[in-house]
Each structure stands twice: as C-alpha cells, then as structure tokens.
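Protein chains in written order, with this note's numbering: chain A, 18 to 525; chain B, 78 to 336; chain C, 56 to 216.
Wrong hints could be hidden among the right ones.
Stated by the list, open to error - The following label-pair restraints were derived from C-beta to C-beta distances: (1) B:Glu322 to C:Arg130: 52 to 60 Å; (2) A:Asp349 to B:Phe325: 43 to 51 Å; (3) C:Ser167 to A:Lys346: 54 to 62 Å; (4) A:His416 to C:Gly172: 30 to 38 Å; (5) C:Gln162 to B:Asp254: 44 to 52 Å; (6) A:Pro336 to C:Lys178: 39 to 47 Å.
Unchecked claim - Chain A residues, not near chain B, derived (Cβ > 12 Å throughout): (7) Leu49; (8) Phe111; (9) Val351; (10) Leu369; (11) Ser379; (12) Ala382; (13) Ile407; (14) Leu411; (15) Pro415; (16) Phe418; (17) Val424; (18) Pro432; (19) Leu488; (20) Leu493; (21) Arg512.
Hint data in this document are derived by calculation from the structure and do not stem from the laboratory.
A virtual CB, placed ideally from N, CA and C, is assigned to each residue, including glycine.
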Amino acid sequence: MILALGLSILFALVIGIWAARSTRAESVILPLLDIFQSIPVLGFFPFVIAAVYGAFPDFVGANLAVIILIFTSMSWNIAFGVYEAVKAIPQDYFDLLDVAKAGTWQRVRSLYIPASMSRVAYNTQISWSVGLFFLVASEIISLGTKNIPIQYGIGVAVEQFTGPPFEYSNYVLLVAGIIAAVILWRYLFLREFALWSERFKMMEEPRETHKDPIMRAYSWVSSRSVSKLFLLTQGRGVTRFTSAITRFGRGLKVALAIFVALFLGLILVAAASSGTLHPEALPSLGSLAATESGVLVALAFSFVRVWYVVAICIGVGLPMGVVISLNFKLYDTVSPLLEVISSIPAPILLPLVVLIPVIGHSPEAVAGIVIFLSVYWYIVFNVMAGVRTIPGDLKDLPHAFGVSRRVAWRDVYIPSALTALVTGAITAVGGAWNALIIAEYFQPNPARGALTQVGIGIGKTITLATDSGNLETLFLAVVSMTVLIVAFNLTVWRRLYHRVTKRYAYNH
Amino acid sequence: MSQPHPSAGTTVVTADRVSLGYHKEKEPLPVLVDVSLSAKKDELVAVTGPSGCGKSTLLRIIAGLVRPSSGKVMILDTEVTGPRADVSMVFQNFVLLPWRTALENVLFGLSSRSEFTEEQKMEKAKGALDVAGLSGFEDVYPGELSGGMKQRVGVARALATEPRVMLLDEPFSSLDDLTAERLRKETYTLLINPQSPVQSVILVSHNVEEIIELADRVVVLSGRPAHVVGEVDVTMPRPRNKKSEEFFHWVDKVYTLLS
Amino acid sequence: MMPGNVRAGQVISLVEIAGSIRGKVDVPKLADELGADIAVLLPILDTAEMLGLVRTEKGDVLLTDLGLKFQKTTRNKVRMLRDRVATIEPFRTALELASRKKAITAQEVADSLAEIGLKWHYKPDLNEALVRTLLIHWAIYADLLGYDGKSGEFRKAQSRP
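For reference, chain A alone in the conformation it holds in the complex (with noise of 0.2 Å):
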C-alpha cells in the first residue's frame, strides 16, 4: 500500500508538472487523466491479474497486481493537484529562475516539488481512503479468481474471517483492529505530513477555515482541483481540452448525447419490463445478462442502481452536511467522528450488513446499503467543505435581514452548496461503479459460494464472468460500463458543471 503511495505520489509529480509545464503535453494529459479518472477500475482489475500474474506467476505477482490496482486509483487526483500546484506559481518564480539559468533537474528540485508538496498532502489523504477501499477490495477478489496467495493483507483477513463460520468475536476485533490502523496512521503520518508540507505553501493561498488537515483535503479538491480546472476556462488548460473537443467533433458529442439517451430509454425499458415480468421472470433475465447480449440490460439495472442510491446520499447528505457545517459545536464533536467512520471500507462492513434483520435478506438493499456506505462520505464532506467555505457574512446574511428559514436554504444555504455537491455527486457516480462490483455479488470464498447477490447487474456480470473465465463477456461488461461512464461525464456532468461553477461558485 506504502509503495503504491509513493509510486502514485513519483508519478503524479512528473504528470502533473510535464502537463503544467508543456502546452502540448497538457493537452494530451488533461483529457485522459479526465478519463482515467472516471473509469471504473474494479472492472479492469482482473485483466490487470491475468496479465501480471501470467507474466510473475507467483506471489510476487498477485501483490504486484494489487499495488498496480492501488496505485491506478490513487494517482490520478494526486496529479491533478500537482498540475494545479505547478500552475499556480506565479510567473516571477519562473523568470527568477530562468535569469539564475536553473537546469530542468534544478527547476523541478527546487520549484515544483516544494510547490506541489502542500497539494500534494491534501490530496494524498483523499487518495488514501479510495486506496484502502480498493486495497479490501482487491484482495478479496484476486482471492476470488483464482486463488492466488497474496498470504498478507486486510482483504484476506476479510476473507477469512467472513467466510462461515461466522465469528463474531473475530469479526469485531478485525474491524476495531482496522479502524485502529486508520486512526493511527491518518494522525502519524498524513497530519504529519500535511503539516510539514504547510511550509511550502505559496503565499496566495486562500484563508483556511479550518485547522483540520483532512477537512482541508476535502476543502481543497472541492473548491480547487475540479472546480477550478473548470473555472479555468479563460484559457488554460480545460478550454484546450474543451476546444480541443469540440474541434474534435460536434458531431461526436451528439453521438454521445443520442448514445445517453438511447441507454436512458433502454432503462425505462429495462425498468418497466422487470416491474412486469415479476420475480419469476428475473432468474432468465439474470441468466441473460451472464451472456454477451444480456451485458446491456445488466448495464441498465445497475445505471438505476447508482442512480437512486446517489439520490438518496444527495437527499440525507445535503441537509447534514449544511446543518453540521453551520453549527460550530457541531462540526467539532461530529466531522472526527464521521471521518473515521468513513474510512472504513465499504466492503468490510458488508458482512454485517447481511445481519440486519429483514434488510439483510434482500440482496437489492444489501447492495444498496454496501454503495450506499462507499459513496455517502462524498457527498457529505463535499457538502461540509463548501458550506464552510463561505464567508461569515454570507452565514450572518440571512439573519441581518431577518429572511425566514425557508429563503435563507433556498437563497443562500443550497446554493453555496450546489458546487461542491456537484463535486461530491461526480465523485459519488464514479465510486458507486466501483462498489458495485463488490455489492451485487459479494463471494468471499468461490467455494462457499456468494454471501449475497442481486437478481440482475453488471457488477454481478463481471464478477461472474471473471469467476467463469469467460473473458469475452467480461471484456464486453467492462467496455460497455466504462464508455457509458464516460459518455455520461462528457455529456451530462460536464454541463451540469459548467453551468453551477460559472453561477454557483462563491468569489465575490
């Protein structure tokens, strides 16, 4: 997990500054780490182990697999920040060295490094919690697979301790064991480090609300490295890579327009057929989506299933996050809480979630709850994050005027929120896919067969088929998720952002 930290952190660096840094690069590098970023990696993990493991046919393999897997779902946001941080050093460093004559090895030592080490931290932490969930994650599906011995880990002790006989006493001390892990290291190393790299900050950063390095990280990402490759429209990086689309084709984001809403009109489809066919009629449609034209109406199950899931975080998210957010005291006792919470991964509570009476036995609300605990932290710290960026005035606005509770939420408390919650949902979507590779068919142990699984989705699909080694539908399932996921960014999100940064960001 270390070594993929640092690998990510090494890789991001050189990304992120030779994008900074080269016109060219920037606009080759912009775009696909805006694609990396929202593909679903999961899916490509078992292509990842085939390869790696039919190359280190061993234990050396199955943990390079999983460092790889780590690493891919870690580096990209650092790299972003490190392109932010590199783009925002105003221009006199850049002449100072240039009349000191500094060589490129001279200039990213002394220059870009420092510079990008503070965004470096914050996005460090983030990154960490998306790694531990894929870490869990990973494990257990390489274990999955082909029963490659990875022999240490937290995903097999999942594995292990999960697996019937169920053992509670085991069960509990794994997960204390783990929330411990996380404690301690978020506060030795991270807020070490985080705080450590406070030095290097260059002067024009904005006042911090808040002392807490993980709610700063989450500050951070929302109101800068998204936000602000967007906002940055005027010229720089993302226009290029907007124009560059746009020069690239109309033609091609229609097509991707008319590929969204034939997918939407596909669901409904799907939707209404399901409600119709009734119980009975979904094992053959769960049968079908095992094969390559059932790939589609599995796509369309689980499009409804992230969807209404995001929803609901949406809908518990936004109120909680701006009623914490507001309340001092609140934030205070609450927003530690919520954090180690948070970084739990998902999958590790999943057998718990089975427990709960009623509840448990549906497989619908199973994966539901499973992407539901994945995806909430999201919404909610994006929501926190950006109602705690605004100013004290603008919090004291609705009471100078005396408005009434109702027009201050309408007027003032949503829409400060709306930006990071855009923010929040994009992030949402993407770990949502993810989750629901583990949600829809959870089987810790091949042998045992699964602990829970939905009637129908392309979770399911893929996980199945990487069971069966049947490559061709798991190939099919994974492009079909990540082109719809990527259409769907390039279409809907990227607009839907568009128009909330440009009227919803708060810069007075």
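On the provided structure of chain A, position chains B and C as indicated by the hints.
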C-alpha cells in the same frame, strides 16, 4: 413606511457598557469591555481601532447578530435583542448572492417584510437600485459588475428596507482608491439627507482619513480586550477638503489616540 | 475603438480631478492626483478624449466644454454622452446588430467586429468577455442597450426618462 421621526438631537442608537467574552478552554476570553457609544439623529458615528480589536464585532452586537455578555444596546426606546427590521447593514465584501441578479439581491433583503405586497417590494427594490446609481442594471449578475457597482447593490439592498439605523462595516475597503472616493461621497449624501429614512449611521473603518471625511464623531477602540480609549467630535464643516490644514489636524488627533 | 479595461467610473474621476485643478494640468501631475500609474492613466485619458471630454495639448490636459458640463452634472453623467458612445466601437456595431435583430449576445458582437479586424484580445473567449464588459459598463449607463444576465442577451434600450 411611516416612522416616528425624532427631532434633531434625539439619541437614536445607544450602546451602554457593552462587554463580550468567549470561553476558550474554560478560560474566559474577553473581547470587548464596557464599550459605550451613542448616535443622535442625522449623525454618522465612526468606530475605529487596530485590526482585530473587535470593532466589527461591536457592529454585529448593535445589529443584534451577536448577544453581548453584559450591557445593552437601545434603538430609540427599545432594547436590541436580535436582528430587527429597522436596522440594516452594508458589508465589507459586499456579500451579494452570486446566483441572484442585482434586483433579486435587493429583493432578498426585503423578503421577510410581509407588510409589503410583492409589487411594493419590487417598486422599492427598483427605486433603491436607481438611487444607488444602478438603474438599467437590474438583471445583471454580481459577477458581471465591478467592485464599486457591487457595493452599490449592497447599499441598495440595505437602503430598500428603509432602515432607521444603517451599519457600515468597512464598506469601502475592498475597493480601489478612486472608486472608494466616489462611493464615499455618494453614500454619505444618500444616507444623510432630509428624504432618507436613515436617521443614524454607524461606520466601522480603519481608514482614518475616510473617518474624518465622513464622521460627526469618532469612537476609538484599543487594547486587548478592547475598550474605548477616546472620542473625538469632528466639528469640521462640510464639505471637507482632504488637502486642507484643518483636515490633517483632525486626522492627527485620531492617530494620537490610536497610538 | 474603446479601450477594453476602462470603466465609466474612472473617466468620471479623471474629469472631476482635471476640472478641480483650474487651468492646464500635465499628465504626470494628473496621474499623481488620481493616485494612478501613468500606464493606468493613459487608456482612461484616451477614453475621455474619445468621448470629447478632454483635450490634450503638448502634454497638458484640458477639459472641453462638454467636459465642464459633464463635471457639473450630478446624476447619470454617462447618459449625457449617449450619442457619442453610440459612434464608438464596439457600441456602434452592437447597436446596428440590435436594430436588425431583437436580442444579441456579446459573442455575436465580438464575432462581427472580428470580421472587420477589431479585437480587444487575441483569444476569442477573452475577447468576447471584454466586449461583454464594455457593453455592460458603458452601453447600459449610456442608456443605449439593456442587458438580461439570465439569457446573456442585449436589447436596444427602452429609453429611460
């Protein structure tokens, strides 16, 4: 709106030995100690002091946004216990809602006034924008306005509610010198004139020249916790020439108290 | 063609200060009085000259008759300059477009000006932004155009009294 107009010389705002303290890790942390001030009808009273001394907090206590630990604030003969309709505020960083147009921002300030119909509110909001020099800009979003114009919207929003007391919190300090200069003059004539509903203005500022240009009286806060270290009645006649000998004399007087 | 970064308020301040110093004033003194850099002052001066408010003679700045009248007006000063502003780009083209079409966008104005070689910035999106700013800050004050921020469209002004 018909308000009982007090005659000249009536005290409109009184802060009577106002103190404020927080508790930080069980230790009491006083911010303001026994601060008193008063503003009569048609007076502009300025509060100044080193940055972070609590002058903006004092303004928020007068606005009813912050409750003092002891002491009280009176407006005419009622005590301030919370935000009230006859007090309005202009903020340093404008604090406009970027997702609302200029007109909608002014209407926001009026939204709690159930005594007016929607048409009346609209009329008042448009009128306020007009006197603030922004007619024609009703449907423009704040992001498309310059700093000076944004603050004009801020002034219009405060003025539209027809307040008895207007509180100005460093209203010109985020503007460039030229813009600030013009807006200062205009704001004064806008607020203090026979037609204006505003009876008293309290201005918080760290800019001593600005204070001498505008204020009838200056209250100087200093120290930790902040207390009143002196009061200056600026009796210089208006309009005040900023280049005159006399002007420097008044500026000097305030600086002496500050240091 | 009006400089893209000059606001009406700056011109008002310039005329005020030039007027308050009786007689001629040279450019460095004016910059000093305004508390502005010469580099900032020059485009403001250009604009004021373009609008017929000041004249420069051998480095000295003088108020014209119109300038004196402008200085004395207390409200809606720019309204006085309505006809002048209408002859200067980008307002001329904008008005022309607005009389042909009901609603126009800053992009349309910027595009048709670019066709005759008038640009404020070489990047199209920044150029458009500068045109929009100019239109908002001058044409509304001068009561030539109205602007709806929701649709981003300009229309010919319904003349205000």
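Cross-check of the supplied hints:
1. B:Glu322 to C:Arg130: 52 to 60 Å: violated (32 Å)
2. A:Asp349 to B:Phe325: 43 to 51 Å: The hint (43 to 51 Å, Cβ to Cβ) holds, given that Asp349 of chain A and Phe325 of chain B are roughly 49 Å apart.
3. C:Ser167 to A:Lys346: 54 to 62 Å: holds (58 Å)
4. A:His416 to C:Gly172: 30 to 38 Å: For His416 of chain A and Gly172 of chain C the Cβ distance comes to about 54 Å; the hint is violated.
5. C:Gln162 to B:Asp254: 44 to 52 Å: Roughly 34 Å apart at Cβ, these two residues miss the hinted range, so it is violated.
6. A:Pro336 to C:Lys178: 39 to 47 Å: holds (42 Å)
7. Leu49: Since the minimum Cβ distance to chain B is about 32 Å, Leu49 of chain A lies beyond 12 Å and the statement holds.
8. Phe111: holds (28 Å)
9. Val351: The claim stands: Val351 of chain A keeps its Cβ more than 12 Å from every Cβ of chain B (closest is about 20 Å).
10. Leu369: holds (38 Å)
11. Ser379: holds (41 Å)
12. Ala382: holds (37 Å)
13. Ile407: At about 10 Å from chain B, Ile407 of chain A fails to clear the 12 Å cut-off, so the statement is violated.
14. Leu411: violated (5 Å)
15. Pro415: violated (9 Å)
16. Phe418: violated (5 Å)
17. Val424: Given that some Cβ of chain B is not farther than 12 Å from that of Val424 of chain A, nearest at about 5 Å, it is violated.
18. Pro432: violated (5 Å)
19. Leu488: holds (50 Å)
20. Leu493: holds (43 Å)
21. Arg512: holds (17 Å)
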